[in-house]
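Protein chains: 2
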Amino acid sequence: MGLSSKVFDQLCSIVGRDHCSRLAEDQVCYAYDATRRFYPPEAVVFPKDAQDVSSVLKLANEHGFFVTPRGAGSGMSGGSLPVKGGVAMVMTRFDRIVNIDTDNLVAVVQPGVITGVFQKTVERKGLFYPPDPSSADFSTLGGNLAECAGGASAVKYGVTRDYVLGLEVVLPTGEIVHFGVRTAKGVVGYDLARLIVGSEGTLGVITEMTLRLLPLPEASKTLLAVYDKMEDAAEGVSEIIRRGIIPRAIEYMDNAAIRCVEGHLGAGLPLDAEAILLIEIDGTETEAGFLMDKVVAVLGDTPCRSIHAAGSKEEAALLWKARKSISPALRRYGTGKLNEDIVVPRSRIPDMVAKIRELSEKTGLTMVSFGHAGDGNIHFNVMFDRDDARQTSLALEAVDAVFDYTLALGGTLSGEHGVGIAKAPYMDKEVSGDVLALMKRIKRAFDPAGILNPGKMLL
Amino acid sequence: MGLSSKVFDQLCSIVGRDHCSRLAEDQVCYAYDATRRFYPPEAVVFPKDAQDVSSVLKLANEHGFFVTPRGAGSGMSGGSLPVKGGVAMVMTRFDRIVNIDTDNLVAVVQPGVITGVFQKTVERKGLFYPPDPSSADFSTLGGNLAECAGGASAVKYGVTRDYVLGLEVVLPTGEIVHFGVRTAKGVVGYDLARLIVGSEGTLGVITEMTLRLLPLPEASKTLLAVYDKMEDAAEGVSEIIRRGIIPRAIEYMDNAAIRCVEGHLGAGLPLDAEAILLIEIDGTETEAGFLMDKVVAVLGDTPCRSIHAAGSKEEAALLWKARKSISPALRRYGTGKLNEDIVVPRSRIPDMVAKIRELSEKTGLTMVSFGHAGDGNIHFNVMFDRDDARQTSLALEAVDAVFDYTLALGGTLSGEHGVGIAKAPYMDKEVSGDVLALMKRIKRAFDPAGILNPGKMLL
Numbered sequence: 106m107g108l109s110s111k112v113f114d115q116l117c118s119i120v121g122r123d124h125c126s127r128l129a130e131d132q133v134c135y136a137y138d139a140t141r142r143f144y145p146p147e148a149v150v151f152p153k154d155a156q157d158v159s160s161v162l163k164l165a166n167e168h169g170f171f172v173t174p175r176g177a178g179s180g181m182s183g184g185s186l187p188v189k190g191g192v193a194m195v196m197t198r199f200d201r202i203v204n205i206d207t208d209n210l211v212a213v214v215q216p217g218v219i220t221g222v223f224q225k226t227v228e229r230k231g232l233f234y235p236p237d238p239s240s241a242d243f244s245t246l247g248g249n250l251a252e253c254a255g256g257a258s259a260v261k262y263g264v265t266r267d268y269v270l271g272l273e274v275v276l277p278t279g280e281i282v283h284f285g286v287r288t289a290k291g292v293v294g295y296d297l298a299r300l301i302v303g304s305e306g307t308l309g310v311i312t313e314m315t316l317r318l319l320p321l322p323e324a325s326k327t328l329l330a331v332y333d334k335m336e337d338a339a340e341g342v343s344e345i346i347r348r349g350i351i352p353r354a355i356e357y358m359d360n361a362a363i364r365c366v367e368g369h370l371g372a373g374l375p376l377d378a379e380a381i382l383l384i385e386i387d388g389t390e391t392e393a394g395f396l397m398d399k400v401v402a403v404l405g406d407t408p409c410r411s412i413h414a415a416g417s418k419e420e421a422a423l424l425w426k427a428r429k430s431i432s433p434a435l436r437r438y439g440t441g442k443l444n445e446d447i448v449v450p451r452s453r454i455p456d457m458v459a460k461i462r463e464l465s466e467k468t469g470l471t472m473v474s475f476g477h478a479g480d481g482n483i484h485f486n487v488m489f490d491r492d493d494a495r496q497t498s499l500a501l502e503a504v505d506a507v508f509d510y511t512l513a514l515g516g517t518l519s520g521e522h523g524v525g526i527a528k529a530p531y532m533d534k535e536v537s538g539d540v541l542a543l544m545k546r547i548k549r550a551f552d553p554a555g556i557l558n559p560g561k562m563l564l
Numbered sequence: 106m107g108l109s110s111k112v113f114d115q116l117c118s119i120v121g122r123d124h125c126s127r128l129a130e131d132q133v134c135y136a137y138d139a140t141r142r143f144y145p146p147e148a149v150v151f152p153k154d155a156q157d158v159s160s161v162l163k164l165a166n167e168h169g170f171f172v173t174p175r176g177a178g179s180g181m182s183g184g185s186l187p188v189k190g191g192v193a194m195v196m197t198r199f200d201r202i203v204n205i206d207t208d209n210l211v212a213v214v215q216p217g218v219i220t221g222v223f224q225k226t227v228e229r230k231g232l233f234y235p236p237d238p239s240s241a242d243f244s245t246l247g248g249n250l251a252e253c254a255g256g257a258s259a260v261k262y263g264v265t266r267d268y269v270l271g272l273e274v275v276l277p278t279g280e281i282v283h284f285g286v287r288t289a290k291g292v293v294g295y296d297l298a299r300l301i302v303g304s305e306g307t308l309g310v311i312t313e314m315t316l317r318l319l320p321l322p323e324a325s326k327t328l329l330a331v332y333d334k335m336e337d338a339a340e341g342v343s344e345i346i347r348r349g350i351i352p353r354a355i356e357y358m359d360n361a362a363i364r365c366v367e368g369h370l371g372a373g374l375p376l377d378a379e380a381i382l383l384i385e386i387d388g389t390e391t392e393a394g395f396l397m398d399k400v401v402a403v404l405g406d407t408p409c410r411s412i413h414a415a416g417s418k419e420e421a422a423l424l425w426k427a428r429k430s431i432s433p434a435l436r437r438y439g440t441g442k443l444n445e446d447i448v449v450p451r452s453r454i455p456d457m458v459a460k461i462r463e464l465s466e467k468t469g470l471t472m473v474s475f476g477h478a479g480d481g482n483i484h485f486n487v488m489f490d491r492d493d494a495r496q497t498s499l500a501l502e503a504v505d506a507v508f509d510y511t512l513a514l515g516g517t518l519s520g521e522h523g524v525g526i527a528k529a530p531y532m533d534k535e536v537s538g539d540v541l542a543l544m545k546r547i548k549r550a551f552d553p554a555g556i557l558n559p560g561k562m563l564l
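For the record, the sequence lines run as chains A and B.
Residue numbering for the first sequence follows this note's numbering, starting at 106 and increasing by one per position.
Residue numbering for the second sequence follows this note's numbering, starting at 106 and increasing by one per position.
Be aware that one or more of the hints could be misleading.
Because identical chains share one entry, a pair is satisfied inside a single copy or across any pair of copies.
Said to hold, decoys possible - Derived lysine-lysine pairs resembling DSBU-like cross-links, with alpha carbons at most 30 Å apart:
no.: 1; residue 1: K153; residue 2: K426
no.: 2; residue 1: K442; residue 2: K429
no.: 3; residue 1: K111; residue 2: K429
no.: 4; residue 1: K189; residue 2: K534
no.: 5; residue 1: K418; residue 2: K399
no.: 6; residue 1: K426; residue 2: K230
no.: 7; residue 1: K334; residue 2: K163
no.: 8; residue 1: K334; residue 2: K426
no.: 9; residue 1: K467; residue 2: K230
no.: 10; residue 1: K163; residue 2: K534
no.: 11; residue 1: K545; residue 2: K163
no.: 12; residue 1: K442; residue 2: K467
Hints listed in this document are in silico derivations from the structure and should not be mistaken for laboratory results.
All chains, full assembly: derive it from the sequences and hints.
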């Protein structure tokens, strides 16, 4: 489409010359996300308010250039990459926590606020914003909403979608609108607030969000259980839930994940274990203690090697640091990494882990799995040398096989990373042609000119 | 549009002659819902499976007749009324609980299953389906999903939307499709499952649903608190939540509601109280007891007249029966009843109750409010003589004033009843023209011929 100097000047006059750039260094800086793919935009704009966003989008419709909104660029599926060029719209100036209403457990926040900053701010008021993607320390709430981020606490508390009450959104055609409500309930009209959540920035640009909060749980307790067999670990998870206990988190790591992160951090994880479970219980002090005793008893009845309750906050924090370090630490296994976040019914995790082991043996590639055992959300990584064509092709074939098996088990191809460009080629494995066609009609209902975040999800 | 004999015969050949009728008695029986408005369909069909539904909808597109899907007809906003004639599609033959997966806390259910039957069935397996509209004993899950039903437990457990994982839906154009997933998480493509929830049967016909379940809480405890001032009751509610306690339910009744239901049931409610709170706490036996003591202490610090913990399951059941009898019992106050379910921020309930009292005094009409104090969802009823034109007009004006004030307080016009025909004329008070236009484009993306449930929500 090509951005003329005249149009660039118009962009500058909307957001101000200090907040608009087409310098090579900015094009490079905003060409990336966590997928490490490289798509430089022609220009970068930093709007300050909904009116700026609206004016940029109206200009885009008028002149036919693409706009791709972006938060911190920490996405795992390429949702914020300007794959067709055009303008990268960086939302980091929307960095204000507008209001925290402690009486009504509601916060009004701008999309550029860092998730972890928001969490800590509400915690200081005794409140709790549960969604906790591993990227919380650097990802933005806007990005979390666009991808419907999950995290470890989803098994008990649900995902980002479950905390969104209302949104201010700029439509791709430039209208500034409100979806949803500012109250706990609301059913007036179609649920467009939740349609925006997880739509990966293709249906509108979020400029303000009203989020639901919970009271902060009084206490949390962390436990590590070590298993010689993945099946036994999975049975432990199922049995906890069968007994009516929903922990705040039930994470697992397979042996490859344990070895990788232990080499990196030295957290004292057992290098020869086939699996470990990291379980966190929260609630009132009494309740958390009571439930933790119950979990220890339940796991004690499974053939686990050891059960260890973290004795201090520091020890619990170290275990969590180990868990959250897996993804970055994996780079030591190869220059190429395919990182998928499939979901299977919780009880089918052992089947999937066996499948992954089989594929690893067959291909000779390191494959690592870990993730949210409580809700069947498996982070599956294939490591390879990306300069080696044979390894690359084996890795892609393995992902394909895992996706097919995921769907055969009744699962889904993404639990929290989204489709973006990474999974777009696989969409039609899971979603039928009729539904894809319907999604395209919905996209057109929002964005008739197709200017907003093109080349994603529906391609 | 008029249904010819030839088309009626084709309908009969789809569903079978025993499941297709245009007898006057069937036209009358399926002309109603809980709004008591009367719109007879030209024909009534009872499909048995998705294929039947698909064939009927394809025929409707071909011959241009309207189809209005319907569950038990217990809706409060007219969502299932065939307001433009055509065919009433009664979904009651979809009455099978297909599967309850105790390991993965997921159930697959057909839409004609009665909500209360489903709840009791999963409870026998130690599981819990929280959404609890007052109509649960007779409304269907399909209707609950179409309207996004709420209920008393929403303050802790959320609404119907929060329990929907995946849907089989027949699109208005006849395609049988799947939206969403069968797992705890899933973000592949636009969130069409949740777009269907609350769309009031205008975007598709649900033929199967995959629902999320929870472990059944071990214990619940019920408490009644009596107040001489509504403001003090509301302050009690706020203080409970400020202390970090989210009860399973926090209901209130105003004086008119108390008098009405007490005259009807004789549950021993204090006739001279300005407000009562009905609070239920659940959790493990220990936790429920501990939290109930805390709630009693918190309310003890407010100027309440009395606090009484139900001593037995029977006593708790009687209190809940009183609460759930209010709506039907109100008929004693007049032949006309306008029944609204506005939501305001929880802390603004006293303002709204004061406004209602002022309107009641001004008009001389009985106005009753009660409902879900925990999430600000107020059931507001105006009673009048429907043969009296002056009273009718005063009642409508009062509703209008309450709606305006609701929006001024940052609220919404419906928390759980939906728009249907009852609130359609008021939609544009809350939803902007740009958003209404977008909703209409979305409707067209699903239903280009406009044959499914016309005349609702967007008119």
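Results for each hint:
1. K153 with K426: Intra 35 Å, inter 53 Å, cutoff 30 Å: neither.
2. K442 with K429: Result: close within a single copy only, 17 Å intra versus 57 Å inter.
3. K111 with K429: Neither: 46 Å inside a copy, 66 Å across copies.
4. K189 with K534: The answer is within: 24 Å in one copy meets 30 Å, while 40 Å across copies does not.
5. K418 with K399: Both, since 20 Å and 27 Å are each at most 30 Å.
6. K426 with K230: This pair counts as within: shortest intra-copy Cα distance 25 Å, inter-copy 38 Å.
7. K334 with K163: For K334 and K163, the Cα distance exceeds 30 Å both inside one copy (58 Å) and across copies (53 Å).
8. K334 with K426: within (24 Å within a copy, 51 Å between copies)
9. K467 with K230: neither (53 Å within a copy, 42 Å between copies)
10. K163 with K534: Between copies, since 26 Å is at most 30 Å while 35 Å is not.
11. K545 with K163: The answer is both: 21 Å in one copy and 21 Å across copies each meet 30 Å.
12. K442 with K467: within (18 Å within a copy, 71 Å between copies)
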